[in-house]
Amino acid sequence: MTTDPEIRQAVDEFLERVNSHLADQTPQQEREILADLEAHIHEALASRAQDRQPTLDDVQAVLAEMDPPESYGQSSQAKQASLSPKRIIGIIALCTCLGSLALAGLLGLLMGHVLATSIPYFLFLAGQIAALVLGIIARTDPFGKAAIITSCVLIALSILFTS
Amino acid sequence: MKTWITQLRKGLLEFCILNALAKSQTYGYELIQQLKKLEELAITESTAYPILNRLRQDGYVKIRVASSASGPPRRYFSLTALGKRRIREMNAYWHDLCASIDHLRTTDPEKGKS
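Residue numbers (numbering that gives the first Met the number 0), protein chains in the order written: chain A, 0 to 162; chain B, 0 to 113.
One chain only, chain B, in its complex shape (with noise of 0.2 Å):
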């Protein structure tokens, strides 16, 4: 059960960090913050600042950094064109394939119901 629940981890975390980021541009910080909150995903700074990084070498992901008053500049994260688009095929390939597997789980094969 744990190694499924890892691989499915993993498989998932490029598409929650996009879905994240798909709102609104964020900081480092907060980002990691609102990550943590999906207990069942257990996404930390060591697996999402590479991921970021990568997203970014992908051109998904962009940076800017402004100065701020109070502390340390800091860095937003924000989706470029090409990652909004990834996100909404990435959305809808989700709202599919939870279709599919929920029909699967529901269906009783003999008969062919809900």
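Chain A on its own, in the form it takes in the complex (with noise of 0.2 Å):
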């Protein structure tokens, strides 16, 4: 495996950016595609420069040669978007979210009034922490990255509105 630090630092911002389109794939799954991957690169390497140090340049060439990082959240076969842990998670952080923000106003209906001391608040606040807790849990999947928006701005939103 070269040494060169841009290279490597190449080669590296690359399998990052396709670690961030592996949804559905549990740790070990995308630990193993990106360890093929990384040999895939550096042996296109070794071919593109034969017996000299391979540059930066043979890096960005093979690197735009093979497929975007984007694909790899598309590969048809690998990935069951509809059933996977990481998408149940993800709407479970979901429903948490909307969940707790329509239980904590049923309950300041009830009660007339949601005050930042009051239960509903408290519940309203656990259920959007879980919430985002969850999401980041499932922040590849887009269900993981709505819960974590949503809890965010309701957070913030409820801070700001009892402040």
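No lab work stands behind these hints, which were simulated from the structure alone. Accuracy of the hints is not assured; some may be wrong.
What the hints assert, rightly or not - With a Cα cut of at most 25 Å, we get these calculated DMTMM-like pairs of lysine to aspartate or glutamate:
1. Lys1/B - Glu64/A
2. Lys83/B - Glu31/A
3. Lys9/B - Asp66/A
4. Lys85/A - Asp57/B
5. Lys61/B - Asp50/A
6. Lys35/B - Asp57/A
7. Lys1/B - Asp66/A
8. Lys61/B - Glu31/A
9. Lys35/B - Glu69/A
10. Lys36/B - Asp66/A
11. Lys35/B - Glu31/A
12. Lys35/B - Glu64/A
13. Lys35/B - Asp3/A
14. Lys1/B - Glu69/A
15. Lys9/B - Asp11/A
16. Lys35/B - Glu37/A
17. Lys35/B - Glu5/A
18. Lys9/B - Glu64/A
19. Lys61/B - Glu29/A
Claimed, not checked - Pulled from the structure, derived: some chain B residues nowhere near chain A, Cβ distances all over 12 Å:
20. Lys1
21. Ala21
22. Ile100
This structure is a prediction, so every number in the text was calculated from the model and none was measured. In this text, a Cβ means the ideal position worked out from N, Cα and C, and glycines have one as well.
Now that you have both chains on their own, put them together as the hints suggest.
The following block contains the structure:
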């Protein structure tokens, strides 16, 4: 494996971008795919450079010939988006986010108020924090991302209105 | 037509990868280069490596990491006993399928003859 820091950085950045698109894979599956890709890149570099040391231009040429990182999120056989673990967690996160909002609103209506120190508010806050944590776990899934964004916005709005 | 081709390719990816590995073990880069020659199938890294990973998870493919004097460690893919049995079954089915389709294509339904 080449020790040139610029080349290593270029390869690592590419692999990180691929990793960000590898949704619905277990961590071990992600590691294996990335290891295969890394070996592929270095073989391609060795093939291109032959007997000389590969340069940054060689790396960029090799990476340009490969599929873009976004295409790893579209693989039809490897991605089973419907019921993967991350998809399930993402859905639970979003449901928790919206459910706690609805529950807090309902309790607030029944109690006649939603003060910063009231039970509905604490329930709401606990639900949003739980949704945020679950969303971070499932951050590569669209539902997870939606849960993160929604819970952050709701927490920020609640702090704004209760301050 | 494009949709049909896309669907047909999807169904054949695993079959082609297992057939490529059936001949001998090979490392990832070499396997991809071999598969890329099948232009009609348009197999690239982003389709092949996730499939290889799944085949490994399912027990059809194994990996051997071997250090290389000239470069990075190589990851050699090969079929397990289960993988060899699977590709035998797939090839047998493929043979029968092609025979049936050829018969369908060439037989005149009215006369019952090819």
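So, going through the hints one by one against the coordinates:
| no. | hint | verdict |
| --- | --- | --- |
| 1 | Lys1/B - Glu64/A | 24 Å, holds |
| 2 | Lys83/B - Glu31/A | 22 Å, holds |
| 3 | Lys9/B - Asp66/A | 17 Å, holds |
| 4 | Lys85/A - Asp57/B | 20 Å, holds |
| 5 | Lys61/B - Asp50/A | 31 Å, violated |
| 6 | Lys35/B - Asp57/A | 21 Å, holds |
| 7 | Lys1/B - Asp66/A | 20 Å, holds |
| 8 | Lys61/B - Glu31/A | 12 Å, holds |
| 9 | Lys35/B - Glu69/A | 20 Å, holds |
| 10 | Lys36/B - Asp66/A | 16 Å, holds |
| 11 | Lys35/B - Glu31/A | 21 Å, holds |
| 12 | Lys35/B - Glu64/A | 12 Å, holds |
| 13 | Lys35/B - Asp3/A | 29 Å, violated |
| 14 | Lys1/B - Glu69/A | 21 Å, holds |
| 15 | Lys9/B - Asp11/A | 29 Å, violated |
| 16 | Lys35/B - Glu37/A | 19 Å, holds |
| 17 | Lys35/B - Glu5/A | 29 Å, violated |
| 18 | Lys9/B - Glu64/A | 22 Å, holds |
| 19 | Lys61/B - Glu29/A | 17 Å, holds |
| 20 | Lys1 | 14 Å, holds |
| 21 | Ala21 | 19 Å, holds |
| 22 | Ile100 | 23 Å, holds |
Figure legend: structure checked against the earlier numbered hints; hints not met, in rising order: 5, 13, 15, 17.
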